[in-house]
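Visitor: Respectively, the protein sequence lines represent chains A and B. Counting along the first sequence from 1, when you hit position 118 you're at 118 in UniProt numbering, and nothing is skipped either side. Counting along the second sequence from 1, when you hit position 105 you're at 105 in UniProt numbering, and nothing is skipped either side.
Hints should not be assumed to be uniformly reliable.
Chain B stretches covered by chain A per the calculated footprint, using a threshold of three residues with CB under 8 Å from any CB of chain A [unchecked claim]: (1) 153-166; (2) 171-178; (3) 233-241; (4) 245-252.
A few chain A residues that face chain B, going by a derived Cβ cut-off under 10 Å, partial list only [what the hints assert, rightly or not]: (5) G39; (6) S137; (7) L138; (8) K221; (9) V229; (10) N233; (11) A240.
Think of the hints as simulated: they come from the structure by calculation, not from any bench. Ideal Cβ placement from N, Cα and C applies to all residues, glycine included.
Residues per chain, in single letters:
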Amino acid sequence: MKNENVIEVENLTKAFGAFKAVNAISFEVKKGEIFGFLGANGAGKTTAIKMLIGISHPTSGKAKVVDFDVYTQPEAIKRNIGYMSQRFALYDDLTVQENINFFGGIYGLSRKAIRQKSKDSLVELGMHEISSKLVGSLPLGWKQKLSFSVALLHEPKIVFLDEPTGGVDPITRRQFWEMIYKAADQGTTIFVTTHYMDEAEYCDRVSIMVEGKIEALDTPKNLKQQFKVASMNEVFLKLARNIE
Amino acid sequence: MGISLSNIDKSYKKQIAVRNITFDVNPGELFGLIGPDGAGKTTIFRILTTLLLPDNGKATVAGLDIIKDYKAIRNSVGYMPGRFSLYQDLTVEENLNFFATIFGTTIAENYDLIKDIYEQIAPFKDRRAGKLSGGMKQKLALSCALIHKPKVLFLDEPTTGVDPVSRKEFWEMLKRLQKRGITILVSTPYMDEAALCDRIALIQDGEILAIDMPQAVVNKFPKDIYNVKADNMYKLIQTLQRYEHTYSVFPFGEFVHYTDKRVIFKTAELQQHLESSGLNGITIAPTHADIEDAFMELAKK
Ligand SMILES: Nc1ncnc2c1ncn2[C@@H]1O[C@H](COP(=O)(O)OP(=O)(O)OP(=O)(O)O)[C@@H](O)[C@H]1O
Ligand SMILES: [Mg+2]
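So here's chain A without its partners, still in its complex pose:
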């Protein structure tokens, strides 16, 4: 069943001085959904994500993530979600295996669980032969796939992915999305930002932020219908800066 909400946001706002980076946004995300969080540069995506994952205090509004309140229970949120930041989130000077061990430890997994999980992930990623290589020496796409696996280590209910595929080659980018599909298929909710509009088509629903506000939110199919265009790229071009 996809009807249970795992994120509920109402009028969530973040101001830096007089500037409202996130301006009273409201939406819900359902369990197991792949939710695309789009918007032009500076629209406020990363700022909104930081509030949802409990590392930045909202200026006003409400938000519940996995049943926890962002104001009063940020620690509980952090334990129940996974997060991949826009900049790379692993240690370049640790090996693949050491990164997994390190983050497994942070997430409070037992040694045994870490051993089992890391074996599974390494096989799935096809990285068991390079597990003793330094992460810094890997191509970006591999790092991103590894980083996603690490974000899933503690079996979070929601994973927040902030531009996970920026700059990644076309084949690896697609492999990354297969990992997303798989995680969603197993019931993990995916909250993802991207500037690749073909990836927007892979989402169940998509929201488009413009200057701090959510201007559109629907399935890719409905959005294309609503704006009478053939692709999400055109939807984005129409909305994101009101050109054409």
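Using the hints, position chain B with the ligands against chain A.
Guide: Relative to chain A, chain B with the ligands alone:
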């Protein structure tokens, strides 16, 4: 005034970064280096901007030798490195001013060149660069690389992390710079941008796979290609990956691009296979390969 590389090799310790790289960029050309992260694009940029010495080979930029004339090169080229090199604790305007000053010019003198892109970040000119969003940083970095009116412009993944609207504007701007006679070497992981270059070099694992006009690269795609769609995309992809006749299967927006191993391929047969695998809402229709298909095909070998 173009760029010329012949037989350039470079290794870091035992790791080969690029091997036997040879190509010319004509004066005034917009030339794309297309390839994934780690392919060797940045090494080529660093050699051409005289920041790194090649192990073997020769290269010239605007007629200047990268080894003998390195000082002259540094003054006449603009370089925007992939990971931006802004001063995080200076404001937007201070960064731009700083770059203008080290090249002995002023913002006012060359403002018309950067106007289109800089205007988008100008409302935030008093904000520190460290506080800008990812895409806004890229725009500032480009403005800084252009402020001294370079003859040759090197852009290493300038649009990674930049939103689709801004990418479109960015390329329109590159075309305008080109019209002013600036030679441009640009790298990108966005395949749709490859189509906007005069010529491209596809590069992987330090070697060039192909050099040609973008359309010519696409025309060489060896297979008939089909758009396939079904209600459950994940299941569709999995089913196709396991199908014995599949040559390649890649998600492409709302469709999956499918090619078949056989010379004679009947869509009805695939339709039936997908139906019997429990998929619904199936459509299969011929489509054209694009540059991304072509790249993935070349990269597979
Ligand atoms: N700590 C801060 N102080 C002041 N302004 C900030 C701060 N953090 C973010 N901003 C501003 O808030 C706005 C939204 O930034 P944010 O990083 O959320 O954008 P984004 O949608 O993630 O963009 P991108 O696609 O480029 O990553 C921008 O104008 C940014 O400069
Ligand atoms: Mg961001």
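Visitor: Which earlier hints turn out false for this structure, listed by number in ascending order?
Guide: 2 and 9
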